[in-house]
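Here is what each chain is made of, one letter per residue.
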Amino acid sequence: MIKENTELAGLTFHHVGLLVDNIEDSINHYITLFGEENVSKVFRIESQQVKVCFVKVGVESYIELVEPMHESSVVYKLLKKRVSYYHIGYKVQDIIASINRLEALNYKPMDLFYSEAFDGKRCIFLFTPEAHLIELIEW
Amino acid sequence: MERNQILQAITEIFIDVLDDNQIVLTETTTAKDIEDWDSLSHIQLVVSIEKEFKIQFTSSEIQKWKNIGEIIDSIESKSV
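In order, the protein sequences belong to chains A and B.
FYI, the numbering for the first sequence is 1 to 139, going by the numbering used here.
FYI, the numbering for the second sequence is 1 to 80, going by the numbering used here.
Bear in mind the hints are in silico, worked out from the structure with no lab data behind them.
None of these values were measured; they are calculated from a predicted model.
Treat the hints with caution; some may be incorrect.
As the list claims (entries may be wrong) - Reference listing, derived: stretches of chain A covered by chain B, where coverage requires no fewer than 3 residues with Cβ under 8 Å from a Cβ of chain B:
{"hint": "1", "segment": "73 to 84"}
{"hint": "2", "segment": "105 to 118"}
Unchecked claim - Label pairs and their in silico Cβ distance ranges:
{"hint": "3", "chain 1": "A", "residue 1": "41", "chain 2": "B", "residue 2": "12", "range": "41 to 47 Å"}
{"hint": "4", "chain 1": "A", "residue 1": "69", "chain 2": "B", "residue 2": "51", "range": "31 to 37 Å"}
{"hint": "5", "chain 1": "A", "residue 1": "128", "chain 2": "B", "residue 2": "16", "range": "15 to 21 Å"}
To be verified - Quick list of in silico lysine to any residue cross-link-like pairs, SDA-like style, CA-CA up to 25 Å:
{"hint": "6", "chain 1": "A", "residue 1": "77", "chain 2": "B", "residue 2": "39"}
{"hint": "7", "chain 1": "B", "residue 1": "78", "chain 2": "B", "residue 2": "61"}
{"hint": "8", "chain 1": "A", "residue 1": "80", "chain 2": "B", "residue 2": "31"}
{"hint": "9", "chain 1": "B", "residue 1": "78", "chain 2": "B", "residue 2": "17"}
{"hint": "10", "chain 1": "B", "residue 1": "51", "chain 2": "A", "residue 2": "133"}
{"hint": "11", "chain 1": "B", "residue 1": "78", "chain 2": "B", "residue 2": "35"}
{"hint": "12", "chain 1": "B", "residue 1": "54", "chain 2": "A", "residue 2": "109"}
{"hint": "13", "chain 1": "A", "residue 1": "80", "chain 2": "B", "residue 2": "35"}
{"hint": "14", "chain 1": "A", "residue 1": "77", "chain 2": "A", "residue 2": "23"}
{"hint": "15", "chain 1": "B", "residue 1": "32", "chain 2": "A", "residue 2": "49"}
From the three backbone atoms N, C-alpha and C, an ideal C-beta is built for every residue, glycine too.
Model the full assembly from the supplied sequences, consistent with the hints where possible.
Have a look at this one:
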């Protein structure tokens, strides 16, 4: 049994990423479930060409709604394939140390980027050896 | 395994991962030649190739590849 809020290998769960066609429509739906006070504003993450919004669903637990802004966004093709839940986001204290540790476990990193959704903090997507996508957010 | 056998195996992986049975690869094929071969699918392809050939690539290796021929070179260098 994992204790709530326990940090595992330096990774602290933050959110699950969910692709949506229209973020405003999704926000309206989630407001009915969790209330307006638990839904963030919409952020534009230019480097990823996506709009995102966070829905608080528990203690330090969020759904990240993600809408591609253009067909050039890498997640646009996932959405067209009807992929919905597609990544898990973790908070880490030292993103470079975490990347190094995960690379030693054969995780494959993509490019570091600075996220407007996290006050410009450094983030990165990595694939696990099983091709599952995770995101690290330096906290 | 011969290079043409590796090429055939890689082609099948591309068809499966990119869900496009029209894909035909040659040693000079690059990401520009395959519409859905982007930065995200590239890593998915790499992971599938690693599983198929039971090898592992480093991050620096997979960023250096310029075409399919160089992927085959890497596979050959790691295969027993």
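Which of the numbered hints are not met once you compare them with the structure shown?
-> The structure conflicts with hint 11 only, although it agrees with all the remaining ones.
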